[in-house]
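Starting from the given sequences, assemble the full structure and let the hints guide the process.
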Amino acid sequence: MSSPISPSPQPADYHQLAVSSNSSPDDGHSKEAETLLVEAELRESGDSLPTSPPNGLRGYAAFFVVWHHISLVWFSWDLHGGYAGSEMGYFLQLPIIRLAISGPPHVFVFFVISGYALSHKTLKLLRQGGKTEEAYATLASSAFRRHPRLFIPPEEGGGRMPRGAVKLMGPAPLATLGAQFGDYVRTTLEMIDPLGHRNDWTWIYNPALWTLPHEFRGSLLVYGALLALSRCKSSVRLLVTTGMAFWALYFVYWPEFLFLSGMLLADLRLHTRHHTQGQKGEDDEASSTLDVEWKPAITSRSSGWKSVIPTGWSNQYVHTTVQTVMYIFILYVLGAPEWRLGGAEAPGYVWLAQLVPSQYIAADRPSHFWPTIAAVALIFALDRSPLLQRLFTTPFARYLGRISYSLYLVHVPILHGLGYWAGKFFLETTGSETDSGYVLGVTAAAVVVWVVTIWAADLGWRYVDAPAVRFAGWVYRKVAVGR
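Under our numbering, think of the first position of the sequence shown as 22, with each following residue one higher.
FYI, nobody ran anything at the bench for these hints, they're computed from the structure.
Misleading hints may appear alongside valid ones.
[As the list claims (entries may be wrong)] In silico lysine to aspartate or glutamate, EDC-like type, Cα no more than 20 Å apart, as pairs:
| hint | residue 1 | residue 2 |
| --- | --- | --- |
| 1 | Lys254 | Asp385 |
| 2 | Lys254 | Glu155 |
| 3 | Lys499 | Glu155 |
| 4 | Lys445 | Asp456 |
In this text the structure is predicted, and so the values were computed from the model without any measurement.
Here you go:
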């Protein structure tokens, strides 16, 4: 295998790959921005934004997406291939470790979390007797505000780092400022088109935002499913939602599968809570989505377990061990290398490649099948493990969760602009002829990029994201009947 910091012989198409400082608690403006996001965005789920594990997981996903794009700008495609042994492999190619520089798996996780969060509050109200009207009001408010929530905030190309995998993306310079602005408006309208159906769409002004049309369509699907099934029994709703998810999976509608799976997991969560704790009809607004201890149906007292559980082992120890092993296996599958980068032949992943359905191969999405399923399993496992949830409720995870959307929006322009300039600047000092000099130069550039990106994401969260949420809520209050 050639060096990951050598020029890549493969086509450098950014879109092809894409598809495949904390504030003080006393900071009044920070509290205002956080409150706006809690009340307006996560009102759909009933979550508490600063503490909920899904939000921490979303923050980590955004964090690793940034590292993924950094790896593309400064290193070759070889770094993203499957691990092939000590003589030909690199540390970042190892199973699970490779998730640190992988992009698509974290997008899959984003979509599942979205489906979960968007449906949780409505599903909870539907399960509480006498709150159907409140559930409909919540659903109407969420659907009305979804488009501005997604598309208000996001509103030098062609270069390449000496050993980078991709060209730096940017709009073609036009003759006049008016023409450039007109091109920006035209492409922006294409991006925010609620009826758009292109699967190969990319926005030249920020190619990472190819996910937003999928996010919007997935949201509408969840809202439609909630409305259509709102009068059904919970068991019927679970069955139909499961059928819809498998239908989407079979016909390679992988974003829709992820959103519907998120909705299904939220409903299963509420269903399990009711049957294991007998709390049907009780309101848990003060608790976060995943903070209730899971009480497994099978215990050490069950006859089937008596012969296999050694005396002295606690039931909680057994379940914690099983959950941890499952979690590791899920991460292993989630990080499967892409087929076009040798994933089908990668040691340890060959068996997964052999089990990919033919329709995914025909649709040129073979690398999506197992990671999408693993993304759903990841949320399912996290939803039932208080131990694993601790990883996503740390102060760092909570902060990343708060700025995750802004971080996702701002990092590519900064990386492809400032990052390119910083890389050139430091490489003039360290040199790019040797591996050590090149790594030292791009490491210094990465520090600059991260500092500016976090700062810009924090400002975006406070001054763009929160006002966008507030504006959408204000419009809804003005036009809604009976408020």
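Hint by hint, here is what the structure shows:
A threshold of 20 Å between alpha carbons decides the hint, and for Lys254 with Asp385 the separation of about 38 Å lies outside it, so the pair is violated. Simply put, Lys254 and Glu155 have alpha-carbon atoms about 18 Å apart, close enough for the 20 Å limit, and the pair holds. For a cut-off of 20 Å, the pair hint linking Lys499 to Glu155 stands: about 18 Å separates their Cα positions. For the given pair, Lys445 sits about 15 Å from Asp456 by alpha-carbon distance, which is consistent with the 20 Å threshold.
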